[in-house]
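Below are the chains, spelled out letter by letter.
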Amino acid sequence: MDATQTKEMYTEEFLINMGPQHPSTHGVLSLELKLDGETIRNCTPHIGYLHRSMEKIAENRTFTQFIPFTDRLDYVASMNNNLGYVMAVEKLLNLEISERAKYIRVIIAELNRIASHLIATGTFAQDLGAFATPLFYCFREREKIVEIFDQICGNRLTYNYMRIGGVLADLSGEIIEKIKEFIEYMRPKVDDYDELITYNVIFLARSKHIGVLSKEMAINYSVTGPNLRGSGVKWDLRKDEPYLVYDKLEFDIPVGENGDAWDRYKVRIEEMRQSLRIIEQAIESLPQGEVTVRVGRILKPSASETYFRTENPRGELGFYIVGDGSVYPYRLKIRSPSFSNLAVLPELVKGIKVADIVCVLGSFDVLMGEIDR
Amino acid sequence: MLSILTIIWALIVGIIVLGFIAASAMFLIWWERKVSAHIQSRYGPMRVGWHGVLQSVADAVKLLLKENIIPAEADKLVWWLAPFIAIVPPVMAFVVLPFGKNLIVKDLNVGVLYLMALSSVSVIGIFMAGWGSNNKYSLIGGMRSAAQIISYELPLIISMIIVAMQAGSLSMQKIVLAQAGCWNILHPNMAMAFIVYIIAATAEINRVPFDIPEAESELVAGFHTEYSGMKFAMFFIGEYTNLFIISAIAATLFFGGWQGPILPGVVWFLIKSYGIVFVLMWVRWTFPRLRVDQLMGFAWKILTPISFVNLAITGWLLLK
Amino acid sequence: MRPDEIAAIIKSKFPQVKEEAGTNYIIVPKESILEVAQYIKNPPLGMDNLHCITGIDRKEKIEVVYTFYSIGEHHGVTLKVNLTPEDLNVASLSEIWKSANWLEREVYDLFGVIFSGHPDLRRILNPYDWQGYPLRKNYSNPDFIAKPRM
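Residue numbers (our numbering), protein chains in the order written: chain A, 1 to 373; chain B, 1 to 320; chain C, 1 to 150.
Don't read these hints as lab results, they were simulated from the structure. It is possible that part of the hints are untrue.
Under the rule of at most 16 angstroms between Cα atoms (straight-line distance), these lysine to aspartate or glutamate pairs were calculated in the EDC-like manner [said to hold, decoys possible]: (1) A:215 to C:48; (2) C:59 to A:324; (3) B:136 to A:32; (4) A:234 to C:48; (5) C:137 to A:59; (6) A:144 to A:195; (7) C:41 to A:216; (8) A:266 to A:195; (9) B:136 to A:38; (10) C:98 to A:32; (11) A:353 to B:293; (12) A:266 to A:324; (13) B:136 to A:13; (14) C:59 to A:59; (15) C:137 to A:32; (16) B:136 to A:324.
Here chain A stands alone, though its shape is the one from the complex (with noise of 0.2 angstroms):
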């Protein structure tokens, strides 16, 4: 029911502040919320809390030196931030890596978007209010990978693994065995939660139809990864531009039906089957050889400009690079996959009620660091 359209049943409009300290505003966002009772009638969200001015920041270190502030930004997602960055550097200087390395970089990276998806899943089921137990289960889970990426780098959560010509370390055969175990565990869990959360009723009843996003509407505000596809489009960037080895990998792409904040959840958990897929025919078929390819200590591209974009777990993380033939970047600007899925939920949330909101955001899956960089 519109309450807009029973103009005697308007009550005063109060105003409420939710954020920058709230339990579930994922981070320090700031929702200005104008109320009618439990509705919202207007939503304003401010950001820039975490502002570090990564991209001045970026204009005094080399290009080597950035790669640590690119595990800041989504710093649930860092070995996918390092990728991205590291990718397109590569582009600027048109180098090419070895085939071994791109084996490593997609295992790598598939494994962060798991942990991602694990973490996007657990604080989502936190927002809905089954308090804490499917968080809990998600960073059981996600601990597993944490303890992989601490053996292959000596860091938990800004792993600095990629590298402009590879990666840091080759994989050992006892991490790989690890990896391998780890598919092994991951897969039942899946299943898990499905049967714990995704077919719950109360779950159902909270999330299906609940900020619907239309494809149309999904693509005009640029919205990308798992909320794009929850919505019904069929866009990958691992399919559609392939980069590294995705294109010799076989993969599905699951896509929603109605684009709401359920088919954006359950995109995720099905995104977690299809890396393990990924991640077992990698490791099937990685080659042997180098994980470095020899770049000299001074990284200095020619004057020229690059995009280069890859999918995130949230989505399409690009950078777009511009060289002056020095060592720094002349700028460089980081287009993150939040800020655009952001800038959404204003539009989405008006006439909904207040505990929706949280289902809407919690749904987008945004992370502040990457959006106020």
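Chain A is already provided as a structure; the job is to place chains B and C on it using the hints.
Same frame as chain A, now just chains B and C:
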């Protein structure tokens, strides 16, 4: 002489009841933390005492020593009174709870009615807390709570009335004795009444999946956002005492109360009550939360009609 | 469609645009950005996705770079508008692509480019009362310490 003895007796009983309430609330808090921890594949409190049994004591001491912060813009009197009003009804409910054959403070002949009246009072405390805090989140929490408790009162009361009809009495002790041969839960219409009761009661004490008044992911902490120290502890103790009360009422009305073989009555009563508490905890750590309109819709469109139909069927069965 | 084909189509329709030397980027005069944008949104090009808007401070000019993609056609094009520091006005595309709303706000915030016709041109990443435009090369802030160059 008689009156002095009565006063002393009343004091002793009061101290025992309050002691039981404090111990029970502390135990339930610790137990809930352990249950939730094991559901979530972790340990929970482990440091204070054996498996953290004294954790609640440590927390209580901490809360006692905390500063009592009063919001500058709060409605002082209302704000100050709210936790007391919230904690009094659950304490008063102990008067009619039959722990054993003779173990009851006072077997009122309107016991069930008395409990119904008390359950309506606790909403006033919650609403006062929401209003008095002068905080928008608290206000929404208080409003939601008032709406929710009023909605769920009806199915709750009707399912209790069904039991009273079956027993032919409003006295709790008589209801227990009426189940001597066969527990109420074994009759199909009573089982239905139990399901309605337990759902409505969960909503009545604001637990998941009906915890919208304090929905953490929406309202931060709802009506008790602004409370600190001992005032917060009072809401907390009230909440857990309520949890015990509704389980104890369920045990009394549907599971034969203190009756059972071999073991003494009070043990049976506690086993049954805490068993139901455990189920409620299990539910809490498994389900997501309903939205406010779905919650109201569920109460008015599903629970209330079902309980009315059940009432009619029970009446027909009794008259047949 | 290949980038050079797209460039050829746009150039045949709008003679005032030119191609940047060495790249397939298309330089559009700022007066005609709105009509070029309107044209490329519809078939045959069908650029339904305005992916990214950014600015580059070249000291003598500020470039605004628009990156478009087409979900249906699997191709993309990059348009550039050159602005002189004296006149930083350019038409807003937020009526055509909703994604331009926030992306343009960001460019305004960091470069001071005024997008005329924008519904809500406020700062977005910096505080609303911030002075200056941080990503300009001549920006200086007492709190900002440039790292010594190699």
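Is the straight-line distance between the alpha-carbon of residue 266 of chain A and that of residue 324 of chain A 16 angstroms or less?
-> 44 angstroms, violated
Holds or violated: are the alpha carbons of residue 41 of chain C and residue 216 of chain A at most 16 angstroms from each other?
-> With a Cα-Cα distance of about 13 angstroms, the restraint between residue 41 of chain C and residue 216 of chain A holds, given a limit of 16 angstroms.
Agreement of residue 136 of chain B and residue 32 of chain A with the hint, judged by alpha carbon distance not exceeding 16 angstroms = 13 angstroms, holds
Given the hint that residue 137 of chain C pairs with residue 59 of chain A, does the C-alpha gap stay at or below 16 angstroms?
-> 10 angstroms, holds
Straight-line alpha-carbon gap residue 353 of chain A to residue 293 of chain B, limit 16 angstroms = 9 angstroms, holds
Mind checking the alpha carbons of residue 136 of chain B and residue 13 of chain A for me, to see if they're no more than 16 angstroms apart?
-> Distance of about 12 angstroms is within 16 angstroms: holds.
16 angstroms limit on alpha-carbon distance, applied to hinted pair residue 234 of chain A and residue 48 of chain C = 15 angstroms, holds
Given the hint that residue 136 of chain B pairs with residue 38 of chain A, does the C-alpha gap stay at or below 16 angstroms?
-> 12 angstroms, holds
Holds or violated: residue 215 of chain A to residue 48 of chain C, with C-alpha atoms at most 16 angstroms apart = It holds: about 11 angstroms lies between the C-alpha atoms, which stays within 16 angstroms.
Measure nothing beyond the straight line between the CA atoms of residue 137 of chain C and residue 32 of chain A; if it is 16 angstroms or shorter, mark the hint as holding.
-> Violated - the C-alpha atoms of residue 32 of chain A and residue 137 of chain C are around 34 angstroms apart, more than 16 angstroms.
Holds or violated: residue 59 of chain C with residue 324 of chain A, Cα cutoff 16 angstroms?
-> Satisfied, since the Cα-Cα distance of roughly 13 angstroms is no more than 16 angstroms.
Can the restraint linking residue 136 of chain B and residue 324 of chain A be considered satisfied, given a maximum Cα separation of 16 angstroms?
-> Cα-Cα ~54 angstroms, so violated.
Taken one by one, the earlier hints fail for this structure at numbers 6, 10, 12, 15, 16, listed in ascending order.
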